[in-house]
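Peer 1: Residue numbers (our numbering), protein chains in the order written: chain A, 1 to 188; chain B, 1 to 240.
Calculated from the structure, these hints are not laboratory results. Worth double-checking, as some hints may not be accurate.
[Unchecked claim] With a cut-off of at most 20 Å between alpha-carbon atoms, the simulated SDA-like pairs for lysine to any residue come out as follows:
(1) 40(B) to 154(A)
(2) 22(A) to 40(B)
(3) 22(A) to 63(B)
(4) 22(A) to 117(B)
(5) 40(B) to 3(A)
(6) 40(B) to 149(A)
(7) 22(A) to 203(B)
(8) 40(B) to 88(A)
(9) 22(A) to 60(B)
(10) 22(A) to 113(B)
(11) 147(B) to 121(B)
(12) 22(A) to 64(B)
(13) 40(B) to 176(A)
(14) 203(B) to 3(A)
(15) 40(B) to 186(A)
(16) 40(B) to 158(A)
(17) 40(B) to 150(A)
(18) 22(A) to 121(B)
(19) 22(A) to 73(B)
(20) 22(A) to 102(B)
(21) 40(B) to 160(A)
(22) 22(A) to 126(B)
(23) 22(A) to 125(B)
(24) 40(B) to 174(A)
(25) 40(B) to 157(A)
(26) 40(B) to 153(A)
(27) 22(A) to 128(B)
(28) 40(B) to 152(A)
(29) 40(B) to 155(A)
(30) 22(A) to 68(B)
(31) 40(B) to 104(A)
(32) 40(B) to 25(A)
(33) 203(B) to 128(A)
[Stated by the list, open to error] Just a few of them, taken from the derived set where beta-carbon distance is under 7 Å, the chain B residues facing chain A:
(34) 10
(35) 40
(36) 44
(37) 45
(38) 93
(39) 195
(40) 198
The beta carbon of each residue, even a glycine, is placed where N, CA and C say it ideally should be.
Below are the chains, spelled out letter by letter.
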Amino acid sequence: MEHVPTPSQTAGPYLHIGLTNKHSVTQIAPPAVFGERLRLRCRVLDVDGAPVNDAMIEIWQADQAGRYNHPDDAPSPDGHFYGFGRAATDENGTCEFETVRPGSLPGPNNTTQAPHLNVAVFARGILLQLHTRIYFAGDAANDSDPVLALVPAERRETLMARPDPEHPGSWRFDIHLRGDQETVFFDV
Amino acid sequence: MSKVANERSVIRPYHRYPEGSQPPRVYDPYRSTPSRNPAKPLIFLPHTLSEITGPVYGHTPIAETDNDLTRQHVGEPLGERIIVTGRVLDDNGRPVPNTLIEIWQANAAGRYQHQRDQHPAPLDPNFGGAGRTLTDDNGVYRFVTIKPGAYPWLNHYNAWRPAHIHFSVFGRAFLSRLITQMYFPGDPLFAYDPIYQSIPDEKARQRLVSKFDLETTQPQWALGFRFDIVVRGPEATPFE
Chain A
1 MEHVPTPSQT AGPYLHIGLT NKHSVTQIAP PAVFGERLRL RCRVLDVDGA
51 PVNDAMIEIW QADQAGRYNH PDDAPSPDGH FYGFGRAATD ENGTCEFETV
101 RPGSLPGPNN TTQAPHLNVA VFARGILLQL HTRIYFAGDA ANDSDPVLAL
151 VPAERRETLM ARPDPEHPGS WRFDIHLRGD QETVFFDV
Chain B
1 MSKVANERSV IRPYHRYPEG SQPPRVYDPY RSTPSRNPAK PLIFLPHTLS
51 EITGPVYGHT PIAETDNDLT RQHVGEPLGE RIIVTGRVLD DNGRPVPNTL
101 IEIWQANAAG RYQHQRDQHP APLDPNFGGA GRTLTDDNGV YRFVTIKPGA
151 YPWLNHYNAW RPAHIHFSVF GRAFLSRLIT QMYFPGDPLF AYDPIYQSIP
201 DEKARQRLVS KFDLETTQPQ WALGFRFDIV VRGPEATPFE
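Isolated chain A, as found in the complex (with noise of 0.2 Å):
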């Protein structure tokens, strides 16, 4: 390493005006692409479970066969995949998105990481982004996941989006910044 990377600093109350406002990018997989489509919707919540109103999510996935489109991943047999996300928050801490499960993928040492989503946040309050994943609630495939496998079981839960029961093909991922059921969040 030759050179000390740039501090980060927070994004501030006003983040919509060079980010969100006119460059939300909600749809993670335009219709065209394959899979299995789903809406995900999640909510931001403080240390009182207050909705966070202005912080901003961002995503990035792979398509459904478990590749990221980029050059250091082989590439993606679905040309239409794009795989990044990002929404502000609303009044109740709440921003939507639409895409496809992603695949499974590999891990170090030979293993298989289970279909996930990884997750940034950032807001008023947020001196360095904070990382997350979002796994989904059910798949088989969460049981031998090497990263799931570093968090304590009685957490593994709060990194599991749930499919929402009055609308099918909706998916619901709660982001607790602090307090009794606070999100495990990774250092990357």
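Got chain A sorted already, so can you dock chain B onto it with the hints?
Peer 2: Just chain B now, with coordinates in the frame of chain A:
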């Protein structure tokens, strides 16, 4: 396992942030940090394909005036016209080409074009305060804008933020994603600003302060400031 699968399990991990170079999650003088950051320790994550890949292709086209915040409206904004330029490098010293940079800022009076900003300073109909550009093959970017004003906030009694421009940079990986703030040299508010002061290492803090640059400055037109950005880069050795 197929050849492709084999190749895909060989990962070149990225460098971790050096001690003291980044702000802590909770910094009490910045009062909204304790309620919005975890109390439990983060879980150390060895890097996988998920962390070392990221959105490198840009997600919307860049328009011609996107990097000139003084030409996005009918008239010119009020304030001191400036040029802000620099390079995006990774921590190995390699330029990061073709990466998206987004900026946003207050106007010359210290007011953001935002419904939640209640600072009683005038809005400028000719200033929206948002810009974006891609770095060139050498990692160089350039914006034309106006110098933002300082503005008050409610963190503590008589709290004022030093003038700053918010910068958002992607780099090559989801873990190289960086959102930061660029400051201006010699600002008297540095000593009183908990956001700037949250960075433990004095040298690291100073990396957020742009440098006045006479070569960038254009006669009879605009002052120039240089601000180089370093994002995390990969280690030399791959890891299986």
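Peer 1: Indicate, hint by hint, whether the structure satisfies it.
Peer 2: Consistency of the hints with the structure:
{"no.": "1", "hint": "40(B) to 154(A)", "in the structure": "holds, 13 Å"}
{"no.": "2", "hint": "22(A) to 40(B)", "in the structure": "violated, 35 Å"}
{"no.": "3", "hint": "22(A) to 63(B)", "in the structure": "holds, 12 Å"}
{"no.": "4", "hint": "22(A) to 117(B)", "in the structure": "holds, 19 Å"}
{"no.": "5", "hint": "40(B) to 3(A)", "in the structure": "violated, 30 Å"}
{"no.": "6", "hint": "40(B) to 149(A)", "in the structure": "holds, 17 Å"}
{"no.": "7", "hint": "22(A) to 203(B)", "in the structure": "violated, 35 Å"}
{"no.": "8", "hint": "40(B) to 88(A)", "in the structure": "violated, 25 Å"}
{"no.": "9", "hint": "22(A) to 60(B)", "in the structure": "holds, 10 Å"}
{"no.": "10", "hint": "22(A) to 113(B)", "in the structure": "holds, 14 Å"}
{"no.": "11", "hint": "147(B) to 121(B)", "in the structure": "holds, 15 Å"}
{"no.": "12", "hint": "22(A) to 64(B)", "in the structure": "holds, 16 Å"}
{"no.": "13", "hint": "40(B) to 176(A)", "in the structure": "holds, 12 Å"}
{"no.": "14", "hint": "203(B) to 3(A)", "in the structure": "holds, 12 Å"}
{"no.": "15", "hint": "40(B) to 186(A)", "in the structure": "holds, 11 Å"}
{"no.": "16", "hint": "40(B) to 158(A)", "in the structure": "holds, 13 Å"}
{"no.": "17", "hint": "40(B) to 150(A)", "in the structure": "holds, 14 Å"}
{"no.": "18", "hint": "22(A) to 121(B)", "in the structure": "violated, 25 Å"}
{"no.": "19", "hint": "22(A) to 73(B)", "in the structure": "holds, 16 Å"}
{"no.": "20", "hint": "22(A) to 102(B)", "in the structure": "holds, 12 Å"}
{"no.": "21", "hint": "40(B) to 160(A)", "in the structure": "holds, 18 Å"}
{"no.": "22", "hint": "22(A) to 126(B)", "in the structure": "holds, 17 Å"}
{"no.": "23", "hint": "22(A) to 125(B)", "in the structure": "holds, 18 Å"}
{"no.": "24", "hint": "40(B) to 174(A)", "in the structure": "holds, 17 Å"}
{"no.": "25", "hint": "40(B) to 157(A)", "in the structure": "holds, 15 Å"}
{"no.": "26", "hint": "40(B) to 153(A)", "in the structure": "holds, 15 Å"}
{"no.": "27", "hint": "22(A) to 128(B)", "in the structure": "holds, 12 Å"}
{"no.": "28", "hint": "40(B) to 152(A)", "in the structure": "holds, 12 Å"}
{"no.": "29", "hint": "40(B) to 155(A)", "in the structure": "holds, 11 Å"}
{"no.": "30", "hint": "22(A) to 68(B)", "in the structure": "holds, 16 Å"}
{"no.": "31", "hint": "40(B) to 104(A)", "in the structure": "violated, 28 Å"}
{"no.": "32", "hint": "40(B) to 25(A)", "in the structure": "violated, 31 Å"}
{"no.": "33", "hint": "203(B) to 128(A)", "in the structure": "holds, 18 Å"}
{"no.": "34", "hint": "10", "in the structure": "violated, 9 Å"}
{"no.": "35", "hint": "40", "in the structure": "holds, 6 Å"}
{"no.": "36", "hint": "44", "in the structure": "holds, 5 Å"}
{"no.": "37", "hint": "45", "in the structure": "holds, 4 Å"}
{"no.": "38", "hint": "93", "in the structure": "holds, 4 Å"}
{"no.": "39", "hint": "195", "in the structure": "holds, 6 Å"}
{"no.": "40", "hint": "198", "in the structure": "holds, 6 Å"}
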